[in-house]
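Given the coordinates of chain A, assemble chain B onto it according to the supplied hints.
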Amino acid sequence: MIAVENLSLAIHGEAILRDVSFAMVPGRTFGLVGESGSGKSMTALALMRLLPESARTSGAVTLDSINLLDKPEAEMCALRGNQLGMIFQEPMTALNPVQTIGNQVAETLRIHGIATHADARDVARARLDRVGLPQIALDRYPHELSGGQRQRVCIATAIALRPRLLIADEPTTALDVTTQAQILDLLRGLVEEEGMALLLITHDLAVVADMADHVAVMQAGEIVEQGPTPQVLSEQRHPYTRALFEASDHRPTRTPRPLGAPLLTASDVDRHYPGPRTGLLRRGAPVKAVDGVSLTLKTGESLGLVGESGCGKSTLTRALLGLDKVQGGEIAALGNPVSPAMPNALRAGIQVVFQDPYGSFNPRWRVDHLVADPFPLLDENPPREDRRRKVGEALLAVGLQPSDMDKYPHEFSGGQRQRIAIARALITNPKILVLDEAVSALDVRVRARILDLLADLQDRMGLSYLFISHDLTVVRAITDRVMVMQAGRIVEQGPTEQVFAAPGHEYTQALLAAAPRLPGYARPS
Amino acid sequence: MLRYILGRLLSLGLSLIVASLVIFTVIEVIPGDPAAFMLGLNADEATVAALRADLGLDGSKAARYVGWISGMVQGDFGTSYTYRVPVAELVSDRLWISIPLAVLSLILSTVLAFPIGILSAANRGRGLDYGIMGGTQLGIAIPNFWFGMLLVLVFAVTLQWFSAGGFPGWNTPLAALKSLVLPSIALALPQAAILARVMRSALIETLAQDYMRTARAKGLSRRQALLRHALRNALIPVLTIIGLQFSFLLAGAIIIENVFFLPGLGRLIFQGITQRDLVVVESVTMLLVFAVILVTFLVDIAYAIADPRLRRRA
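Order-wise, the sequence lines are chains A and B.
Residue numbers for the first sequence follow the numbering used here, so the first one is 1 and each next one is one higher.
Residue numbers for the second sequence follow the numbering used here, so the first one is 1001 and each next one is one higher.
Where hints are given, some of them may not hold.
[As the list claims (entries may be wrong)] Sample of chain A residues at the chain B side, in silico, Cβ under 10 angstroms: (1) E73; (2) L84; (3) M86; (4) M92; (5) V98; (6) E144.
[To be verified] Residues on chain A that point at chain B, a partial pick, calculated with CB under 7 angstroms: (7) L50; (8) L51; (9) C77; (10) R80; (11) G81; (12) N82; (13) Q83; (14) A94; (15) L95; (16) N96; (17) P97; (18) T108; (19) T116; (20) Y141; (21) S146; (22) D185.
[Stated by the list, open to error] Derived list of chain B stretches under chain A, where covered just means 3 residues or more per stretch with a C-beta under 8 angstroms from a C-beta of chain A: (23) 1166-1178; (24) 1229-1236.
Quick caveat, the hints were computed from the structure, so don't treat them as lab data.
Every value quoted in this text rests on a predicted model; they were computed, and no experiment measured them.
Heads up, the beta-carbon is just placed ideally off N, CA and C, and yes, glycines get one too.
Just chain A, with the same shape it has in the complex (with noise of 0.2 angstroms):
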């Protein structure tokens, strides 16, 4: 029904998609796998034609044997939205923070003519009763909403009209492993019970072996492998699938050791925000985002914190890196106290890596000024030849060279700034290292080389890390003991294979069962 037949795109004379094609049928979902960078997105503009405007493209697209990319603008804009709706990652700036969410659903009527404006409410009221959405009112506003709910909202702007095709990019890659299931059903029952055909985008393997019917596989702009899901995945004919699939639930090789005295330890941490203001000088009870959290972290030890977005995971890890003063409870590390006021050297014993490997340096600073940043943080600061050496093997140690300590952060990588955020890290010699979603901005190739990176550092260094993440398998795949946290509060913690396997608490069962997974295909060697 919708099918794309050797299409090609060039931006600028490059090329970014080569002789891409598939068919989409109705009723059915398609899966489009590939790392970031891969086509994947630009696949699903050029499908609604919304490229740049520098965007060159050839092939065909056809709806109903009709080449979509020879019609006229106009006839596109009655297309989109009408017979093809798309949803995309982000949803919360996906939504017009202005408009009233029910204008938002209802504007897809009103601009294809279909509904008048009492009509149009009438369309949006129900289609977001479709997506789950009953009890919101038509005049609430996106930043009144969660993200999933918001994404439900621009899931019904998409389906107001019953698009024969729904593109979905990556629309559960910012969401919560619960939300993400949720949303997914909802998609799930929308191509069955709607009819229509979904084109879903993602980066996850374990999204895609859930989902789709048939699954395309790409690199570097070109379709390596397609095929039905199943067979795809169990056959895994393309070296790149495999190497993808490994990737994707990749355990690094880990020495077992014993483990020395606690490093860390927090009792009855209590982290409290003031509530929100009720009146002009009163104010709420206040927000007790961490409540009562006690953790030991041993030398040589890996613990796992998981918890979905605001169960006070950042909270818990600003306090425990002493940025901010707790309220109740007490935290020590390597055998001092933990707060605001702690003195450098203890600073320089405790380092942190955070999640994004773009925000987290300052651009017009050089890697070897980025790397020996935390020097000053040690009582007595190298002479400089010392510093450049320091950072040399820093950089060696995180397979980085020397020699990149000239270059600016623009000039790497994903991957490789990670690299450099852990070098900075472990300039100082620490002997904890708190990991925050430190490997979840990257692509599955990656993380798992920086997850080996890591294994082998502690392995080489005896470091002790406190591994904070929102995603299951790579907790699984690093620490020895979890910690589960849900509404401030740790509710269930233990060796992390056990927790895993045997789940004791209901919320740590409702985490487990709602990431997908991957299948367990037996591997072809």
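Chain B in isolation, oriented as in the chain A frame:
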């Protein structure tokens, strides 16, 4: 929303109190005794003291501040040292020129700037955009007194469509309005150029947002998406600039008032300063501060109307 407005009103009141204290203190420490200045260099001390008492300059500072404020609340701004008439009268005459002039200029600059900014943003990187950007650069660079003189030369001297200056009074509304046309154009042009550039950059930033892509995916054309979704989101910085421009136009029009011989507020305050007419300076400054704070308040309300996310903040 109501709480937001109450919060803004509270901040308005506090700003007024702080501003009045600052103005009073600053005027107090300005060197130069108005009584001595009015009587000339050779006046004897007894006469100066008598005049000081007459002008009410001999009381304690606190008493004078309270007197000043309570007078102002009742519409009594004091009596001008030099003109010997109530300041309220002086000011209200001038306001009848300055306010219409400012409003007219602001409407003109907004009406010019919106379409220009939108057109420029919609055609970003094309010839039209470069042309408009060049034009606005020129609009900002040209001094408005020179532009005013040019307008007089063309439309008053050569074409004789308008008078070259002066103000006939509001008894003849059409003639009064006509006499404000050239000065408001001279005032509006550079403001419009600035506002158009702000509009353009705010729109360009908005056009890159994710929700613009969502709008296009719904089937809106480029133009519909811009007008329905981008414009309102781009309004916040534009409203800020409009607020600042109104305050400037109210009192900053002194050069244009001089070019067109208009007895406006700017000229009054300038004369007040040169003649050490402190009552006039003090009262007009307070009045202007009040106007600026009021405009800020209105802009704050406009923010909340434009952006629902701001309504909950107090």
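Consistency of the hints with the structure:
A hinted interface residue such as A/E73 counts as satisfied when its beta carbon comes closer than 10 angstroms to some beta carbon of chain B; here the least separation is about 7 angstroms, so the hint holds. The criterion of a C-beta within 10 angstroms of any C-beta in chain B is met by A/L84, whose closest approach is roughly 8 angstroms, and the hint holds. Taking 10 angstroms as the C-beta contact cut-off toward chain B, the hint placing A/M86 at the interface holds, the least distance being around 4 angstroms. The closest approach between the C-beta of A/M92 and any C-beta of chain B is roughly 9 angstroms, which is under the 10 angstroms cut-off, so the hint is satisfied.
This hint holds: A/V98 has a C-beta 5 angstroms from the nearest C-beta of chain B, less than the 10 angstroms allowed. Of the supplied interface hints, the one on A/E144 holds, with its beta-carbon coming within about 9 angstroms of a beta-carbon of chain B, less than 10 angstroms. Residue-level restraint check for A/L50 holds (minimum Cβ-Cβ distance to chain B is 6 angstroms; threshold 7 angstroms). Violation of the interface hint for A/L51 is found here, the shortest Cβ-Cβ separation to chain B being roughly 11 angstroms, above the 7 angstroms cut-off.
Taken as an interface hint, A/C77 checks out: its beta carbon lies about 5 angstroms from the nearest beta carbon of chain B, inside 7 angstroms. Because the beta carbon of A/R80 sits about 4 angstroms from the nearest beta carbon in chain B, less than 7 angstroms, this interface hint is met. Evaluation of the A/G81 hint against chain B yields a held restraint, the C-beta minimum of about 3 angstroms falling below 7 angstroms. Given the 7 angstroms rule on beta carbons, the hint for A/N82 holds: about 6 angstroms separates it from the nearest Cβ of chain B.
The beta carbon of A/Q83 is not positioned within 7 angstroms of any beta carbon in chain B (closest approach about 9 angstroms), and the interface hint is therefore violated. Hint status for A/A94 relative to chain B: holds, with the closest Cβ pair at about 5 angstroms, below 7 angstroms. Checking A/L95 against chain B: minimum C-beta separation of about 6 angstroms stays under 7 angstroms; hint holds. The beta carbon of A/N96 is positioned within 7 angstroms of a beta carbon in chain B (closest approach about 4 angstroms), and the interface hint is therefore held.
With 7 angstroms as the threshold, the beta carbon of A/P97 comes within range of chain B, its nearest partner Cβ sitting at about 6 angstroms, so the hint holds. Interface restraint check for A/T108: the shortest CB-CB distance to chain B comes to about 5 angstroms, inside 7 angstroms, so the restraint holds. Evaluation of the A/T116 hint against chain B yields a violated restraint, the C-beta minimum of about 17 angstroms exceeding 7 angstroms. Satisfaction of the interface hint for A/Y141 is found here, the shortest Cβ-Cβ separation to chain B being roughly 5 angstroms, below the 7 angstroms cut-off.
For the restraint placing A/S146 at the interface with chain B, the shortest Cβ-Cβ distance is roughly 15 angstroms, beyond the 7 angstroms limit, so the hint is violated. For A/D185, the suggested interface contact is broken, since its CB lies about 22 angstroms from the closest CB of chain B, more than 7 angstroms. Counting residues of the region 1166-1178 of chain B whose beta carbon lies closer than 8 angstroms to any beta carbon of chain A gives 0, which falls below the threshold of three, so the coverage claim is violated. Evaluation of the coverage hint for the region 1229-1236 of chain B: fulfilled, as 3 residues show C-beta separations to chain A shorter than 8 angstroms, against a requirement of three.
In summary, the structure is inconsistent with hints 8, 13, 19, 21, 22, 23 from the numbered list given earlier, while agreeing with the others.
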